[in-house]
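Engineer: Below are the chains, spelled out letter by letter.
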Amino acid sequence: GGIITQTPKFLIGQEGQKLTLKCQQNFNHDTMYWYRQDSGKGLRLIYYSITENDLQKGDLSEGYDASREKKSSFSLTVTSAQKNEMAVFLCASSPKGNERLFFGHGTKLSVL
Amino acid sequence: GDSVTQTEGLVTVTEGLPVMLNCTYQTAYSDVAFFWYVQYLNEAPKLLLRSSTDNKRTEHQGFHATLHKSSSSFHLQKSSVQLSDSALYYCALRASSSFSKLVFGQGTSLSVVP
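Chains as they are written, first to last, in the numbering used here: chain A, 99 to 210; chain B, 13 to 126.
Just so you know, the hints here were simulated from the structure itself, not pulled from any lab data. One or more of the hints may lead you astray.
As the list claims (entries may be wrong) - Beta-carbon label-pair distances, calculated as ranges:
| hint | chain 1 | residue 1 | chain 2 | residue 2 | range |
| --- | --- | --- | --- | --- | --- |
| 1 | B | Y41 | A | I148 | 16 to 24 Å |
| 2 | A | T149 | B | T19 | 17 to 25 Å |
| 3 | A | T177 | B | G74 | 40 to 48 Å |
From the three backbone atoms N, C-alpha and C, an ideal C-beta is built for every residue, glycine too.
My request is simple: use the sequences and hints to build the entire structure.
Structural biologist: Encoded structure:
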């Protein structure tokens, strides 16, 4: 088995601040994802990466940047945190050619 | 674009009774796969069910779902719920336009009460 580790678990930022969330997986999966989880809105795809150095925009990419530094890690940057923003960011991975996603426990973001 | 709709935000059911969580979808593609993911409190979402075959029942952990392309639905059912089934349930669609990309519904919170 493997595990997806997201850091930090909780992130408190200031309005306008640039914030970075990190994700590591030891499944040796090719594809990694960042989803945003909001109550009543489900899971919305921000960015995904099919392989190392690849980057694909999801439906919610505006206001975010991502970086696939190596096969095992995928970072997400909130380029300018919005006041009163509150959401959970979920990282996931899947093997090549397999639709099944394995999720991390999430990073909970609060912006003051 | 592809979309998944879960109409109920919260479903409350008494322990031992049946439950059905609704999931409908819209897609222009015929080559599709559907998923139910479950997220227990303070845990990561995990796969519960998957199906890509029309009119075939899929079962796991006492839950079952049948893909009905004629009605664009993939409802999740259980005949007798337990307290431990309380969780957030997401329906998701993978269309052939992008093998890697899943589209999720809004999620339904299932609360099982004694």
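Engineer: Taking the earlier hints as the rules, which of them does this structure contradict?
Structural biologist: Structure breaks hint 2 only.
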